[in-house]
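Numbering follows the numbering used here, with no gaps: position 40 of the sequence shown is 1144.
Hints listed in this document are in silico derivations from the structure and should not be mistaken for laboratory results. Predicted model, so just to flag it, every value in this text is computed and none were measured. Take these hints with a grain of salt, some might be off.
Ranges of calculated distance between the beta carbons of each label pair, as one might list FRET restraints [to be verified]:
id: 1; residue 1: A1231; residue 2: E1202; range: 41 to 51 Å
id: 2; residue 1: E1162; residue 2: V1192; range: 19 to 29 Å
id: 3; residue 1: S1198; residue 2: E1221; range: 27 to 37 Å
id: 4; residue 1: M1157; residue 2: T1110; range: 16 to 26 Å
id: 5; residue 1: V1197; residue 2: E1126; range: 33 to 43 Å
id: 6; residue 1: V1204; residue 2: M1165; range: 31 to 41 Å
id: 7; residue 1: R1137; residue 2: A1114; range: 16 to 26 Å
id: 8; residue 1: G1140; residue 2: M1165; range: 44 to 54 Å
Beta carbons are placed, not taken as given, at the ideal position from N, Cα and C, and that holds for glycine.
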Amino acid sequence: MNGDGTLVTAQGYPVLGNDGGEIAIPENARDIRINGGGQILADGEDIGQVGIMEFANEKAMRRMGNQLLQSDENPLPSETARVVQGSVEAANVSPVTEMVRVMELTRSTTSTAKFIEVMYDLQRKTASTYARQQS
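Using the sequences and the hints given, assemble the complete structure.
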C-alpha cells in the first residue's frame, strides 16, 4: 500500500482492478486477504478484485523494463488464473539439479570423445600393421 491507501506493486505501480481502476484500501483496515479468485477482503468486507487478464496473442507482447509488458490488444478477463497470497513464484528448474546434469553430460561427452580417439588409434595401428605384412 502506498501513502494514499492505494494497492501498489513492489515497484510502486498501482494494482488495477477488473474495471481498470486503482484499488483503494481503507486506512483503518487491519486484516487484508486476497482469495484465489483475486477478491480482496479487508476485515471480512469485499473492497475489490485484482484484475487478472489474459491476451489472445501473448507472443505479440513487448517488454517494457524488467517486469512490465505492453500489448496493442485488449485484455480479456482470465477464467483459469489463480491468485496465491503471500507466495513467490519459484523457478521451473532447480539450479543444483541442472548443474549435476551438465556435469554428467560433460563426463559422458568426454568419455565418448576418448572412446572415439581409442578406436581411431586402433584403426591406424591395424592399417599400419596390415600394410607392413603385405609388403
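To see whether the hints hold, each was checked on the structure:
1. Between A1231 and E1202 the beta carbons are some 43 Å apart, a value that agrees with the proposed interval 41 to 51 Å.
2. Roughly 22 Å separates the CB atoms of E1162 and V1192, a value that falls within the hinted 19 to 29 Å.
3. Checked against the hint of 27 to 37 Å, the C-beta distance between S1198 and E1221 comes to roughly 34 Å, which is consistent with it.
4. A beta carbon spacing of about 19 Å between M1157 and T1110 agrees with the range 16 to 26 Å that was offered as a hint.
5. At about 36 Å, the beta-carbon gap between V1197 and E1126 stays in the expected band of 33 to 43 Å.
6. Separation of V1204 from M1165 is about 34 Å and conforms to the stated range, judged on CB atoms against 31 to 41 Å.
7. For R1137 paired with A1114, a C-beta distance near 19 Å keeps the hint of 16 to 26 Å intact.
8. Distance hint check for G1140 and M1165: the Cβ-Cβ separation is about 25 Å, which falls outside the suggested range of 44 to 54 Å.
Violated hint: 8 only; the structure is consistent with all others.
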